[in-house]
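Peer 1: Using the sequences and the hints given, assemble the complete structure.
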Amino acid sequence: QQQVKQSPQSLIVQKGGIPIINCAYENTAFDYFPWYQQFPGKGPALLIAIRPDVSEKKEGRFTISFNKSAKQFSLHIMDSQPGDSATYFCAASSGNQFYFGTGTSLTVIP
Amino acid sequence: GAGVSQTPSNKVTEKGKYVELRCDPISGHTALYWYRQSLGQGPEFLIYFQGTGAADDSGLPNDRFFAVRPEGSVSTLKIQRTERGDSAVYLCASSLLGGAGEQFFGPGTRLTVL
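Top line first, the protein sequences correspond to chains F and V. Quick note, in this note's numbering, the first sequence goes up one by one and the last residue is 110. Quick note, in this note's numbering, the second sequence goes up one by one and the last residue is 1114.
These aren't lab readings, by the way, just hints derived from the structure by calculation. Among the clues, some could well be false.
[Stated by the list, open to error] Here are the simulated lysine-lysine pairs, DSBU-like style, with alpha carbons at most 35 Å apart: (1) F:K15 to F:K57; (2) F:K71 to F:K57; (3) F:K57 to V:K1011; (4) F:K5 to V:K1015; (5) F:K5 to F:K57; (6) F:K5 to V:K1078; (7) V:K1017 to F:K71; (8) F:K68 to F:K5; (9) F:K68 to F:K42; (10) F:K71 to F:K42; (11) V:K1015 to F:K15; (12) V:K1078 to F:K15; (13) F:K71 to F:K58; (14) F:K15 to V:K1017.
Note that the structure is a prediction, hence the values are computed from the model and not measured.
Peer 2: As structure tokens, then:
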């Protein structure tokens, strides 16, 4: 069973738009929530991560919003650029076990 | 400095054969992870090493899969009697200490079982 549910499966936005990718989890033992970016033929690369004691974290154009009571978290990409076109994965972990979402394929149209 | 490297980048084998996939982690990283990524899916945890020992192998799908890290650096994922369902990209990641530390992924080995 999928430990982390991610949506949407794919997303197309215009340059400058703000794509939002959502994830939900059930296991309250999860205590670390990273987001990864993956380009074709490459391994995932860490973008930004959050712990459940904060509700928002921002790094550059990337923001994570975290809702502990709803067990949901989301990634917002401000002022999206064509170079942001990639697949994005959310993940959740407890200890050394990491569970990934199914991914969102983002296309940013110039 | 070098990142995580994996060899081979592609491996095509026949059903029933044995394969070995190699991972060279970032120097000094004590934690090493293996994941399997099927088409259109996220990475699926297989096994985690802390140093030389497999601290958590609960993700290995069955006893055809085995991994070693004899000197606490390079790791080899071994798959016996391969099946077509084993076809996937096998990713390796390393982390300085493990836990919630950043994992650095290699480019993966694409395994195709005919």
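Peer 1: Of all the hints numbered above, which does this structure not satisfy? Sort the numbers upward.
Peer 2: 3, 7, 11, 12, 14
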